[in-house]
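Enquirer: Model the full assembly from the supplied sequences, consistent with the hints where possible.
Quick note, the sequences are listed as chains A and B, same order.
Residue numbering for the first sequence follows this note's numbering, starting at 1 and increasing by one per position.
Residue numbering for the second sequence follows this note's numbering, starting at 393 and increasing by one per position.
Simulated from the structure, these hints should not be mistaken for laboratory data.
All C-beta atoms, glycine included, are put in the ideal place defined by N, C-alpha and C.
Incorrect hints may have been included.
[Unchecked claim] Reference listing, derived: stretches of chain A covered by chain B, where coverage requires no fewer than 3 residues with Cβ under 8 Å from a Cβ of chain B:
| # | segment |
| --- | --- |
| 1 | 46-60 |
| 2 | 71-84 |
| 3 | 233-245 |
| 4 | 281-293 |
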Amino acid sequence: MSKNNTIKKSEPVLMQGNEAIARGALDAGVNFYAGYPITPSTEIAEIFSYELPKRGGKFIQMEDEIASISAIIGGSLAGAKTMTATSGPGFSLMQEGIGFAKMTETPCVVVNVMRGGPSTGLPTKPSQSDIMQARWGNHGDAPAIVLYPNSVMESYELSIRAVNLAEKYRTCVVLLSDEVLGHMRETVNLPDLSKIKIINRIKPTIPPEWYKHFPENPKYPMPMASFGEGYRFHVTGLSHDEKGFPTNKAKEISRMMERFRKKVEYYIEDIVQIESFFMEDAKIAIFTAGITARAAKEAIIKARKRGIKVGLLRPLTIWPFPDAAVKKYLGDKKAIIVPELNEGQLSHELKRVMGGIWNYEIRKTKNIVELHKNSGELITPEEIFQTIREVK
Amino acid sequence: MPKISQKAIHKYLRHDKNFPHVWCPGCSNGIVLGATIRAIAELGYKKDNIVMVSGIGCSSRMPVYVDFNTLHTLHGRAIAYATGVKIVKPEMKVIVITGDGDATAIGGNHFIHGARRNIDMTVILINNNIYGMTGGQYSPTTPYGDRTTTTPYGNIDPTFDICDLAIGAGATFVARTTAFHVIEAQSFIKQAFEHKGFSLVEIISACPVIYGRLNKKGDAPAMMKSMKENVLTIKAFEKLSDEQKKGKQKRGIFVNKIRPEYIEEYDKLITSLQDEKGR
Chain A
1 MSKNNTIKKS EPVLMQGNEA IARGALDAGV NFYAGYPITP STEIAEIFSY ELPKRGGKFI
61 QMEDEIASIS AIIGGSLAGA KTMTATSGPG FSLMQEGIGF AKMTETPCVV VNVMRGGPST
121 GLPTKPSQSD IMQARWGNHG DAPAIVLYPN SVMESYELSI RAVNLAEKYR TCVVLLSDEV
181 LGHMRETVNL PDLSKIKIIN RIKPTIPPEW YKHFPENPKY PMPMASFGEG YRFHVTGLSH
241 DEKGFPTNKA KEISRMMERF RKKVEYYIED IVQIESFFME DAKIAIFTAG ITARAAKEAI
301 IKARKRGIKV GLLRPLTIWP FPDAAVKKYL GDKKAIIVPE LNEGQLSHEL KRVMGGIWNY
361 EIRKTKNIVE LHKNSGELIT PEEIFQTIRE VK
Chain B
393 MPKISQKAIH KYLRHDKNFP HVWCPGCSNG IVLGATIRAI AELGYKKDNI VMVSGIGCSS
453 RMPVYVDFNT LHTLHGRAIA YATGVKIVKP EMKVIVITGD GDATAIGGNH FIHGARRNID
513 MTVILINNNI YGMTGGQYSP TTPYGDRTTT TPYGNIDPTF DICDLAIGAG ATFVARTTAF
573 HVIEAQSFIK QAFEHKGFSL VEIISACPVI YGRLNKKGDA PAMMKSMKEN VLTIKAFEKL
633 SDEQKKGKQK RGIFVNKIRP EYIEEYDKLI TSLQDEKGR
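Expert: Set out below in structure tokens:
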């Protein structure tokens, strides 16, 4: 890891993906980090432990991942911008806490640098097999905001965006990466700090007796009090009313659940980011994210040189799933190739949006070709290129 | 000890919609709540400056009733949440309310590491020897041979001595009393609040409706009487023969010492790094 704190912005620097995540979060204002060592995410904790005390922030290595997510939620309620980073096994342990952050609408960011699973799996090899866990990992219904970059520069940018979205929508945002992306080094030109858009929490100005921590019809960003500011609110993982007190009333519970759903549904255009690459005239589309999208791009360039009209649609926001963009860009394609480092998690969702493979009509007109790899190796550009040739 | 009137307690409670409370008749949790509030009133702490954090269980329902900054977290995790709060806002008084199952079974890891770090917070642990909220299953403090819904033939699981556990883990203020010894409880809680570092006050409590009923311990007054007779001062306890000590426990302040506190150490680190920068 680079211990150089005097990087001049706009000067090109060689940086690792994990370091870019840490630097992005620091630039976004993260001032409290709690974590537990786990390969391949540990560098993020190391950088925070080095950087935070110098900036007056605080780092703590907790006793496990459960404690780590708990501490960052506590820290966030006390007013800090918080983050933790982990990988598969730790991400599983954090799920109850992630659910608590969503339930209590407490901003925080969890980074999951994906490795092969299940269980201890492949600590030093990449995977994209936590895409569904990032959406459905916590028990109970609650939408997720999940981002997934595909380069070191984008790791930096999406780390800032993850912190901003967490603060704006008051929820736990998951930032996915993978072992290769996390450990890969690339030259990046970090932007000038003054040019980065940072979202800070808005403080309430109303008298404490009027304050509602979970008001009806919220507009985001919304004022949010922290502990110790005179508002003395209650936070609980139980279903709660507008003031945060436990409730069993069906009407209040429905209202609370609707809040969770609406904050993602109503603001989906603000949350979703996609990249389209050579999609204008493409007959064949590739749909993938993260590290695999890089192989796809190379395969597309090779295929284009041979006159094959193929393009890439890449979600930077995995969840909420970009249904509208998928329909718009992929609706008329002859074939959609979905390469991914798992057994079909993105393609599963794609099938939901495109009508499902068992729909005879769809199967006839839309051909979703899945390309899976779960052995800890990357999908190569050549493999994607061969698939393009097969479906052409 | 200055007398805190019963009326004074009300200004610390959330009367608007949170009562009646969930606790069963004869439960000791209300006694502990009263002792805690009186200790706070005595010390004159500002309500805005107190964070009360709890986990899951009967005792952990306490924060909803008090007019502080209150955080009712996940089962076992109160100390981990409280750690985050305290690190970010060290100027606040952090109180953790927990129970025997919450703190020493599912939350055992956070309990020992909180004590090890000596992070400045007061843990008030209400030990009723059972999981009350789920209807009476055995906890790490259920005595040998006792009946619970998951020890239908009697408990064979050895118990924790919670105070010994805290001392072993490095807590710098460790005390035990009972819900019967309510003036002492108030005094211990007050001393724990004033202590800089990780402080634990274990309060042995009566759960007549679940634990008492399953083990034929009698009603609430009978269980109170049992606490009076079986939980002795350190001095009285030490006088007993090994045979007499069986079924008895000691109460008192076992540890009260000063050791570097985690956040103070971290602040020193920040200061030294900033001095370096200034040089």
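Enquirer: Please list, smallest to largest, the hint numbers that this structure does not respect.
Expert: Those not satisfied come down to hint 4.
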